[in-house]
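Enquirer: Chains E, X and B, in that order, give the protein sequences.
So in numbering that gives the first Met the number 0, spot 278 of the first sequence is number 277, and the numbers just go up one at a time.
So in numbering that gives the first Met the number 0, spot 214 of the second sequence is number 213, and the numbers just go up one at a time.
So in numbering that gives the first Met the number 0, spot 94 of the third sequence is number 93, and the numbers just go up one at a time.
It should be emphasised that the hints constitute simulated quantities derived from the structure, not laboratory data.
C-beta: ideal position from N, C-alpha, C; glycine also.
A couple of the hints might just be wrong.
Unchecked claim - Listed below are several chain B residues computed to face chain E (Cβ distance under 10 Å; list not exhaustive):
1. Pro49
2. Gly50
3. Leu51
4. Pro143
5. Thr180
6. Pro262
7. Pro268
8. Phe295
9. Met308
10. Phe323
11. Ile348
12. Met406
13. Asp408
14. Ser433
15. Phe449
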Amino acid sequence: MLGKSKRLLVLPLYAVLSAGLPALAWASEWPLNMTEGVTSISRQVHGLHMQIFWWCVAIGVVVFGVMFYTMFVHRKSRGVKPAHFHENVALELTWTIIPILILVAMAVPATKTLVHIYDTEDADLDILITGYQWKWKYEYLDENGDNISFFSLLSTPRSQIENAEAKSPEYLLEVDEPVYIPIGKKVRFLVTAADVIHSWWVPALAVKRDAIPGYIHEAWTKVEQPGVFRGQCTELCGKDHGFMPVVVHAVEQAEFDAWLEGKREKARQIAEAVKQTLTFQELYDQGEAVYQKNCAACHQPDGKGIPGTFPAIIRSPIATGPVAGHINRVVNGGAGMPPFGEQLTPVEIAAVVTFQRNAFGNNMGDQIQPIDVVNFKQGQ
Amino acid sequence: MAHQHDASTYYVPEQSKLPLITAFAMFLTVYGLGSWFNNVSAGPFLFASGFLLMAGVMFAWFSAVIKENLAGLNNAQLKRSYVWGMGWFIFSEVMFFAAFFGALFYVRVISLPELGTANNSELLWGGFKPDWPLMTTPDMAVKGEAAKHLGPEGNMSNPGILGWLSWLPFWNTVILLTSSFTVHFAHTALKKHNKKQFNIWLGVTVFLGICFLILQIEEYVHAYQELGLTLHSGIYGATFFMLTGFHGAHVTIGTFMLLVMLLRSVLKGHFKHDDCFGFEAASWYWHFVDVVWLGLFIFVYILS
Amino acid sequence: MAHGPAKGLTRWLYTTNHKDIGSMYLWFSFAMFFLGGIFALVIRAELFEPGLQIVQPEFFNQMTTMHGLVMVFGAVMPAFVGLANWMVPMMIGAPDMALPRMNNLSFWILPFAFAMLASTLFMEGGGPNFGWTFYAPLSTTYAPPSVTFFIFAIHIMGASSIMGAINIIATILNMRAPGMTLMKMPLFVWTWLITAYLLIAVMPVLAGAVTMMLMDIHFGTSFFDAAGGGDPVLFQHVFWFFGHPEVYIMILPAFGVVSAIIPTFARKPLFGYSSMVYATAAIAILSFMVWAHHMFTVGLPFIGEWVFMIATMAIAVPTGVKVFNWVTTMYKGALTFETPMLFSIAFVILFTIGGFSGLMLAIAPADFQYHDTYFVVAHFHYVLVPGAIFSITAAVYYWLPKWCGRMYDEVLGKTHFWLAFIGLNLTFFPMHFSGLAGMPRRIPDYNPLFANWNMLSSVGAFLFGAAQVLFLYIVIRAIVSGRKATDQVWEGAHGLEWTVPSPAPYHTFTTPPKVD
Ligand code: HEA
Ligand code: HEA
Ligand code: CUA
Ligand SMILES: [Cu+2]
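Using the sequences and the hints, build the whole thing.
Expert: As structure tokens, then:
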């Protein structure tokens, strides 16, 4: 037997454990509420959200309270006789005016937050974000014109999506190339799209901006702590709308600078690589990888396409026609087909074109070198 | 069946095949049109069948209504129903045009200036500068002559008050405004029991309507052949042809309606001073078409 | 001229009788509700757990789109028109609708339009896959070829709605029995009058929107293409100018239904009749000034954002007046809880919850977090399912005895209610949580974080669906073998429709009644 004092100690502990642990599990598997996020905007928005929520709860308690009271007390089965009143001007004025006051109380902080969100002036860094079917392109705008840009695609393997493999915790919220931003700096996002409307959303930053093709709209953030923040495209943008996540790495300025330098270095390497000549097998193998990653979403892994929407590559008149036409289609796209001239390197384009011309029974037997692609682009 | 329909009871028509056939005709028309647009070979045929069926059933329907009226089945209350019906139908047409005028307004006041702002113009559209009428589309600012949406070489704008006499839209305005008066004169004549004058003024109105249409075709030919102003030439061409095109379609319908009224009057001796709803409905429609034109003249032609 | 309906099929095909046409509208809408429900069940089945199991993403998008379109245009709107057809002439003492043949035309367009719409699912490239809001350019340049048929389907069903609305306006303004002044009309008639005005004001705008799409797709125009100087956002403005009034088109008649039922079962007159009328009008007028609250994230200028936020919040005031009036109508009444009353009470509570989430969405900065997530899906299902659908269900239970002269089975009715009530909350309440946790709408697959709530939603959806099958059974059973109903049917019911026999004779009020 434990002493009384000890029992007093154990009981609360037991209570905390028995209620707390499941609650923790509960919180992670049964998420209930908006995140507070990591920016001043997101915290303000969260505060607003909670404030309106409690107002609604309070009104609900009153209204439903009266309703349940009357449903319980004023039943015919309890022998009540109905009253006959059907008007009361004072009452009606009251319940017009009180909601107005409540609404004003909500509108004031809402307006303040809105002003804050719209203050996109004086940013330390500008990032141009372009939505494509179904990936994001990030371009770091540099005053010297030395822009860094790259595409960011879903990296969850098909096998997980098709339930052949267990799903990771980041399932559908992971990308090959996350976007990096420095913490403590005001970062402005210039959001646009290249084909249809997308929407760039990261809940922890409370940034959601629709990406309208042909128009740039601004948003901004200033992240306070390092971390990885995930979001998704939130505007229906076609077939793989559910598969174009956003991943933001917020890092210290030094780490950010190093990352940026790494990107610059990579760009230089790509420019170098254009000069090399590859063997057919190298082209074909790399092409297959590029195809499965970038093209299969539409033209399907087996090259059969989706009739009526995405043409087949098998016996495609373009993929079995003149090389220039084929390169042109991949570089510049077409109706419904996005241009890949910027997204893929010349090596990758050469590879994927070679692959398409020789795979799926398209036995053209020819091969395309990176330099052909560069020449094609220059010839335009 | 023997029913006593007199002025005291509201005439509720017997069963009728007309609605079902009309619904089917509408379906056939649009289904044919859709197939046609998607290059299905039967499309034009289906469309034509639907359209003819529609024309036939409309003829039958209106005939039935006219016969009922002549047979004295329609009491004053029923006639009021027709008046309400036509009135609110015209209101719905007003809203249809309001959508298009709204689009024009939005493009001119909001979206084009936005395309010209620093971000959009410099980062996306090769230094595009908005102006109205839009002669250089954003597409052209980026791709030059290779652009898909090539702006027009000329436009339909106001040549300045001195040039109005040789400006076709001005004459179209004159014609349409006049026709609103003539149709009103016809109405007054009818009220004064003067059927002959009624016929003459109505005839003049129909004639003016046809003149308007001819000039409008002339203008389109001019736009396509000389100005390079087409449906493809950017938002200016798009709004121009949408507004004037739908207006033109409504003038066509209105003219046809008035023509039918004229024929009914001349050939069948229809319409009395206190019994002329068909004509009145057509004339309201005509006034509505006229008002829309005034809006067009101001917002599409003058203020550009 | 007391004669009954024609015999055989032609009775229905060629009818000019408002009761026949009302019945056809109601059955048609019931069928569409099941069709749209089946689409919803496909969605819920796919979302039962993470991963792609049952359908591919492109088909999933078609399901989402068709579900929204069929429910909105096929289930809810025709159901209310059906109720108007049945009840408005009887409530105002009119012999029929003002324009009976056009009335039948309005109906018969619908089966053709929906047959055409549904047939797109079997066309090459599939059916519409761009959401019921069909934002350009996904619905223009990037749309499957079947979009043309979708556009024309919208055109002709719009024509049907406009004709229906004109008919209702002409009926209400021109066909009232002597003494039936405007301020004596039952609230259902009032709400429908105002709804009809919304319809003729916005259906043509929708027609304009799809016409511009058609031209962009087939005639090379650039309304929604920045390259030619157009703007995709223009589409959204035009669409929501229609779209927001549209959602009130789906709720105002529901307010009318509930305002008829609650007084009956409270045995007490409706509280604040005239303020109800003014509130309805206020909601309708405001509904034209709030459309951009669906577009808070597209990048409107600050002032636009703010004005639309304030205007939207303002709608809570007249709507609140209605809720308070219903509650006060019940207060100190002598309440009984027959099935129509149960559905009406649930309507008031759950619609208010949906209204609350609407108000949260109206707060523009907060909408940045809610927009296009399941929180929005939760909001609009709370106003549409226990809102529109429950009110229609309540109306059917309430007036069915008058329509067919037979009672439904009260025990089964209550069973239906509780199954539906539980199923619905199980389906849609968790969506608030998954939405707040960050689950976007219109996605066929999701992160395991959202798995539990989705599983609950899916279970609830099937339960709710099962409840509707029971509903079908109850209605058919009542028609076929229900107990005979009295003329008065409900002890506390007032209004002209209860002065005629049950079932209501084929022609009522061929000579107008006197109303005092
Ligand atoms: C019947 C249909 C219906 C109704 C009645 C409403 C009613 C309202 N809706 Fe809803 N809405 C939809 C159908 C409807 N909505 C649909 C279909 C969509 C999604 C479209 C899509 O994108 O696909 C949508 C989306 C939608 C959005 C866009 C969200 C987004 O996409 O980000 C917003 C934003 O403001 C909104 C707001 C409101 C408001 C403020 C009301 C108000 O009318 C609610 C008013 C009611 C109350 C507030 C409750 C009762 C009041 C009181 C008890 C008084 C006291 C209360 C207070 C003072 C708080 N709705
Ligand atoms: C009035 C309108 C209305 C109604 C009643 C409903 C009813 C339902 N809706 Fe709703 N819904 C919308 C309007 C409506 N919805 C709209 C406008 C959208 C947006 C679309 C878009 O994003 O573009 C939407 C979107 C939408 C989504 C989001 C899809 C997405 O974002 O991808 C979901 C997901 O769960 C959903 C579920 C449901 C469910 C489970 C019901 C249930 O209440 C349905 C219950 C009914 C049944 C289940 C039928 C019963 C019949 C059977 C069970 C018969 C079976 C018989 C045989 C097989 C013979 N709906
Ligand atoms: Cu991109 Cu949705
Ligand atoms: Cu709205």
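Enquirer: Hey, does the Ser433 of chain B contact hint survive, CB to chain E under 10 Å?
Expert: 8 Å, holds
Enquirer: Would you settle whether the hint for Asp408 of chain B is holds or violated, based on the nearest Cβ-Cβ distance to chain E being less than 10 Å?
Expert: Violated, about 20 Å.
Enquirer: Met308 of chain B was flagged as interface toward chain E. Is the shortest Cβ-Cβ separation under 10 Å?
Expert: Nearest chain E Cβ about 7 Å off; hint holds.
Enquirer: Take the shortest C-beta to C-beta distance between Phe449 of chain B and chain E; is it under 10 Å?
Expert: At about 8 Å, which falls below the 10 Å cut-off, the nearest Cβ of chain E leaves the hint on Phe449 of chain B intact, so it holds.
Enquirer: Taking 10 Å as the limit, does the beta-carbon of Pro268 of chain B come near enough to a beta-carbon in chain E?
Expert: 4 Å, holds
Enquirer: Restraint: Pro143 of chain B near chain E, CB-CB cut 10 Å. Satisfied or not?
Expert: Result: holds, 6 Å to nearest chain E Cβ.
Enquirer: With chain E as the partner, please determine if Leu51 of chain B meets the hint condition of a C-beta pair closer than 10 Å.
Expert: Check passed: Cβ of Leu51 of chain B comes within 6 Å of chain E, closer than 10 Å.
Enquirer: Does Thr180 of chain B meet its interface restraint, that is, does its C-beta lie within less than 10 Å of any C-beta in chain E?
Expert: 17 Å, violated
Enquirer: Quick check on the hint: Met406 of chain B CB to chain E CB, less than 10 Å?
Expert: Check failed: Cβ of Met406 of chain B comes no nearer than 19 Å to chain E, outside 10 Å.
Enquirer: Can we keep the Pro49 of chain B interface hint, with Cβ of chain E closer than 10 Å?
Expert: 6 Å, holds
Enquirer: Under 10 Å, Cβ to Cβ, is where Pro262 of chain B needs to be relative to chain E, so tell me if that hint holds or is violated.
Expert: 9 Å, holds
Enquirer: The hint names Gly50 of chain B as touching chain E; please verify it with the least Cβ-Cβ distance against 10 Å.
Expert: 4 Å, holds
In the structure shown, a violation is registered for the earlier hints numbered 5, 12, 13, in ascending order.
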